[in-house]
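Start from chain A and add chain B according to the hints.
These protein sequences, in sequence, are chains A and B. One point on numbering: in this note's numbering, the residue at position 444 of the first sequence is 444, and numbering is uninterrupted. One rule links them: number in this note's numbering = place in the second sequence (from 1) + 1000.
Keep in mind the hints are simulated off the structure, nothing from the lab. Treat the hints loosely; a few may be bogus.
[Said to hold, decoys possible] Okay, derived cross-link-like pairs now, SDA-like style, lysine to any residue, Cα gap no bigger than 25 Å in a straight line:
1) Lys1175(B) x Asp502(A)
2) Lys150(A) x Leu370(A)
3) Lys480(A) x Tyr9(A)
4) Lys207(A) x Lys1175(B)
5) Lys62(A) x Val44(A)
6) Lys380(A) x Ala288(A)
7) Lys62(A) x Arg50(A)
8) Lys465(A) x Asp95(A)
9) Lys1175(B) x Glu1117(B)
10) Lys150(A) x Arg336(A)
11) Lys349(A) x Gln136(A)
12) Lys521(A) x Ser1224(B)
13) Lys207(A) x His1235(B)
14) Lys522(A) x Ser1227(B)
15) Lys349(A) x Thr338(A)
16) Lys1175(B) x Glu429(A)
17) Lys1234(B) x Pro509(A)
18) Lys380(A) x Ile282(A)
19) Lys391(A) x Ala473(A)
20) Lys1234(B) x Arg336(A)
21) Lys1234(B) x Asp1373(B)
22) Lys1175(B) x Pro503(A)
23) Lys1175(B) x Leu520(A)
24) Lys1175(B) x Glu524(A)
25) Lys1234(B) x Gly210(A)
26) Lys522(A) x Met1263(B)
27) Lys1234(B) x Ala187(A)
28) Lys1234(B) x Asp508(A)
What follows is the residue order along each chain.
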Amino acid sequence: MENITARRYENGQPRLRRFHQARWDEPLIFELGRPGERGILPPVVEHEIRAVAGDADALLPKALRRAALPGLPQIAQPQVVRHYLRLSQENLGLDFNVDIGQGTCTMKYSPKVNDQLAGAPQMTALHPLQPEETAQGILEVFYRFEQILKEISGMDRFSLQPGAGSAAIYGAASIIRAYHAERGESAQRREIITTIFSHPSDAACAKAAGFDIVTLYPDENGYPDIDALRAVASSRTAGLMVANPEDTGIYNPRIADWVSVVHEAGGLCFYDQANVNGLLGITRAREAGFDLCHFNLHKTFSSPHGCGGPGSGALGVTEALAPFLPTPVVAFDGERYTLDGNRPQSIGKLRSFYGVAGAILKAYAWVMSLGAAGLLEASKVAVLNNNYLLKRMREISGVTAPYAAGRHRIEQVRYSWEELCAETGVRSEDIGLRAADFGVHYWTSHHPFVVPEPCTLEPTESFSKTDIDEYAAIMQHVAKEARENPTTLLTAPHNSTVHRVDPASLDDPSQWAITWRAFLKKREQPEA
Amino acid sequence: MSEPERGAERERRVGLIVNPVAGLGGRVGLKGSDGVAIQQRALELGAVPRALHRTIEALARLRPIAGEFTLVTYPGEMGEEAARRSGFTPHVIGSIVPAKTTASDTRAAACEMRRLEVELLLFAGGDGTARDVFDAVDQDLAVLGIPVGVKIHSAVYAISPAVAGELARSFLEGKTQGTHEAEVVDVDEAALRCGAVSTMLHGVLRVPNDVQRVQGAKAGSSKSDASAAVAIAKHVVARMGAETVYIIGPGTTTRAILAELGMEKTLVGVDVIHRGKLLASDVNEEQLLGLLDGRPAQIIVTPIGGQGFLFGRGNQQISPNVLRCVGVENVLVIATPEKLNRLTTRPLLVDTGDEEVDRMLSGYVCVVCGPDDLRVVRVASASLTEERMNRPSRQCR
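Excised from the complex, chain A in its bound form (with noise of 0.2 Å):
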């Protein structure tokens, strides 16, 4: 009989995986079907009810009425099925789209029980608007859930209401501004300081919150610039918002200094925990003087991530900043939950409703079967992920980790494939490209790149050696095609649904259209 072990490993190595993505070449829905074809024929109204009802369009005001038909596509449901279905086979889908090259987004695996459990009739059937003491269990959650993140960030309290980690990240901003405003000092605070590095939704939620961003780049050692930020804290500095390790998995030694500065120049700071899986239980963002801090539950805490769920983020602050967390807060007076609304100081709601049950519940489930040594321990095994993948890396020519020369990383590594680049041509997107081929995923870096042809991973506690092992290989593999074959890879997908589409259009919005209807009009009237 044939072994067929052997023929998957090589000197206890997996060999590089034979992969074909699903290419189906389907229509947009919109091209299939035809004219007075139908999914559903809802009966005719019977005599008994029409008589009592009425006639159903009269109840509608005039204003709220079509003037024409929708522009839904008209099919039956067998095609509608086979259309998703065959759609659905050509993506990479959820569970492997939880992968090591999406570095940033903390890619670990959501388990399927905490899934059983937020789906559960008990789940589904609540309301958000049923009254309090009809929703105790969901508010113990809510509760309980709170005074976990306190224990481990240190803060004093937290609002779970914000639906992402960038509405957490605004909510920060928001209180911010309120705080200054408080104290006359609004007009003059103008200024949130944060670093190239950090996660660029700290800039943009900022100035979503009407401020001014002052970004430092990295010294000379790759740590943030500590005498940038003495340069520029001033009576105008609002705050400061960063990230801690940072996107390059650098952690900042001299984080407690910085917000020493900030704290002297009259500013607040919010420390952007989107890097924090491999800090649990080993250091907490009180200690460092922090005011604020957040959590993103879909990410570190294992709640399904972008598109697999509904995102969930969690707003720390200390007590002195409580009053201006979003309403409502859940309250505990020992006996009864209650949602407490009346918060004369509160920056008002991020969102409707006090927030996303469900990834709340599949956080609280996660943390609850692991403890908190096991929290420790998914931490420690997260920063070993990444640094026994950062020497798998390092055994690859034409690949660098910029910064912070030879020290060791967090949980992420940004690479640089730079010196490949120089010598072939080849370029990081197009090992992305590649990647694809072998039925992974691989993530460059946020534009503009800082780091050269970058690529950020981030080996969470949820892969094994052999995960690291294979994905690994692929890399050696690809920077190998690109000195023998460098083709191969600039005109990579080869076994993927698409091959590879221009860049350029993506950036060209007389190219890309998002709808449908948005199509049709472009087509119609390209220059519009």
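The following block gives chain B in isolation, referenced to the frame of chain A:
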């Protein structure tokens, strides 16, 4: 520039110029190949000419469509040899003295190719070669550099020879349409060999519109970079005071300010505006001092090229006296995020020739990268040591 004609009646032509000595100096540590003496010294040190090999690498990608155009080139090592070894039957023009070609041969060849109306001029070389091509053709032709040289700071080169060939093919097949402006920048090699760096913006050439494949455009696109420049210009113009005299330094980013005001800018010169009107263009130091005449003023500059010089290269008109007169606190630095990201592996540089002014300019500067978007970058003197500079001496803004 008119679109290339694709009619069957007219012969399609592509130009090829090879600078055979480009890249000689790099491997032997000479920081460049400008000048006959250096080229001789490089050969003595064992340098191997790279231009031929790298040009062949590029032409290999063009070979499949060789039948669709005539390759026009100069004799021998200036293109003919590479063309023939790549399987082309080139139309050879001009004459050279073998092994003794100079920059004037490049310029003469480029001039002649412009006269012959080539659809695309490919040239293999470094920054010096790009400068020679610019001197001869300005913006009348679509051009593309095959990177050979030691120092390439100009954005007119493809990121590798193979990519140059691919891009040329895509352009000639009409898949890549139109051209965009790309900066021609050169470094003074003599100064570089003495340890100093010195960058100058020479002008812009037009290259096929594919920023993914061209040097210096490492992310985003020409569209996003150009729109960032417009956003900066709108931001700056909206904040201009009625009484202030504005001294605008060289560059494409600063040019957007004058464009926003409906004016043309001297790309490599210094212009002066006041009350939204052009007060003087392409001024010298003396004119600048005369125009200032005690009035409030602001200097707006953008870092130039690979080394990121703020003052002392390509804008010496803005002299130490002018800087003192205006005050270093009234210097506004602007740059698109893409450009600044490429420069921040080391400080921006100043070398005004006056130690005290250099020291005043050193420290940290807030660069305007967009509306309400400031980036803090260190500024250092190119000629002073760290200790003598006593950094950081200056509060940002």
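Hints versus structure:
Of the pairs offered as hints, the one joining Lys1175(B) and Asp502(A) holds, with about 10 Å between alpha carbons and a cut-off of 25 Å not exceeded. For the hint pairing Lys150(A) with Leu370(A), the CA-to-CA distance comes to about 17 Å; that is within 25 Å, so the pair holds. Proximity of Lys480(A) to Tyr9(A) is assessed by CA-CA distance (about 20 Å); at most 25 Å being required, the pair is judged to hold. As the CA atoms of Lys207(A) and Lys1175(B) are separated by approximately 39 Å, the hinted pair breaks the 25 Å bound.
The hinted pair formed by Lys62(A) and Val44(A) meets the criterion: a straight-line CA distance of about 23 Å does not exceed 25 Å. Simply put, Lys380(A) and Ala288(A) have alpha-carbon atoms about 20 Å apart, close enough for the 25 Å limit, and the pair holds. With a C-alpha separation of about 20 Å, the suggested pairing of Lys62(A) with Arg50(A) holds against the 25 Å cut-off. About 18 Å separates the Cα atoms of Lys465(A) and Asp95(A), which keeps this hinted pair within 25 Å; it holds.
Under the criterion of a C-alpha separation no larger than 25 Å, the hint pairing Lys1175(B) with Glu1117(B) is consistent with the structure, at around 20 Å. A hinted pair counts as satisfied when its Cα atoms are at most 25 Å apart, and Lys150(A) with Arg336(A) qualifies at roughly 20 Å. Of the supplied pair hints, the one linking Lys349(A) and Gln136(A) holds, its CA atoms being roughly 22 Å apart against a limit of 25 Å. Taken as a hint, the Lys521(A) and Ser1224(B) pair is honoured in the structure, with Cα atoms around 24 Å apart against an allowance of 25 Å.
The straight-line distance between the Cα atoms of Lys207(A) and His1235(B) is roughly 15 Å, inside the 25 Å bound, and the hint therefore holds. Of the pairs offered as hints, the one joining Lys522(A) and Ser1227(B) holds, with about 21 Å between alpha carbons and a cut-off of 25 Å not exceeded. With a C-alpha separation of about 17 Å, the suggested pairing of Lys349(A) with Thr338(A) holds against the 25 Å cut-off. Between the alpha carbons of Lys1175(B) and Glu429(A) the distance comes to roughly 20 Å, so the proposed pair stays at or under 25 Å and holds.
At roughly 21 Å between alpha-carbon atoms, Lys1234(B) and Pro509(A) fall within 25 Å of each other, so this suggested pair holds. Of the supplied pair hints, the one linking Lys380(A) and Ile282(A) holds, its CA atoms being roughly 9 Å apart against a limit of 25 Å. A C-alpha spacing of about 12 Å is found between Lys391(A) and Ala473(A), which places the hinted pair at or below 25 Å, so the restraint holds. With a C-alpha separation of about 56 Å, the suggested pair Lys1234(B) and Arg336(A) falls outside the 25 Å cut-off, and the hint is violated.
A hinted pair counts as satisfied when its Cα atoms are at most 25 Å apart, and Lys1234(B) with Asp1373(B) qualifies at roughly 13 Å. Straight-line distance between C-alpha atoms of Lys1175(B) and Pro503(A) comes to about 13 Å, which keeps the hinted pair within the 25 Å bound. Only pairs whose Cα atoms come within 25 Å are accepted, and Lys1175(B) paired with Leu520(A) is accepted, the gap being roughly 24 Å. Of the pairs offered as hints, the one joining Lys1175(B) and Glu524(A) holds, with about 22 Å between alpha carbons and a cut-off of 25 Å not exceeded.
With a CA separation close to 18 Å, the supplied pair Lys1234(B) and Gly210(A) stays within the 25 Å bound. Between the alpha carbons of Lys522(A) and Met1263(B) the distance comes to roughly 33 Å, so the proposed pair goes past 25 Å and is violated. Annotation: proposed proximity of Lys1234(B) to Ala187(A) holds, straight-line Cα distance about 23 Å (limit 25 Å). With a C-alpha separation of about 21 Å, the suggested pairing of Lys1234(B) with Asp508(A) holds against the 25 Å cut-off.
Checked against the numbered hints listed earlier, the structure breaks hints 4, 20, 26; every other hint is satisfied.
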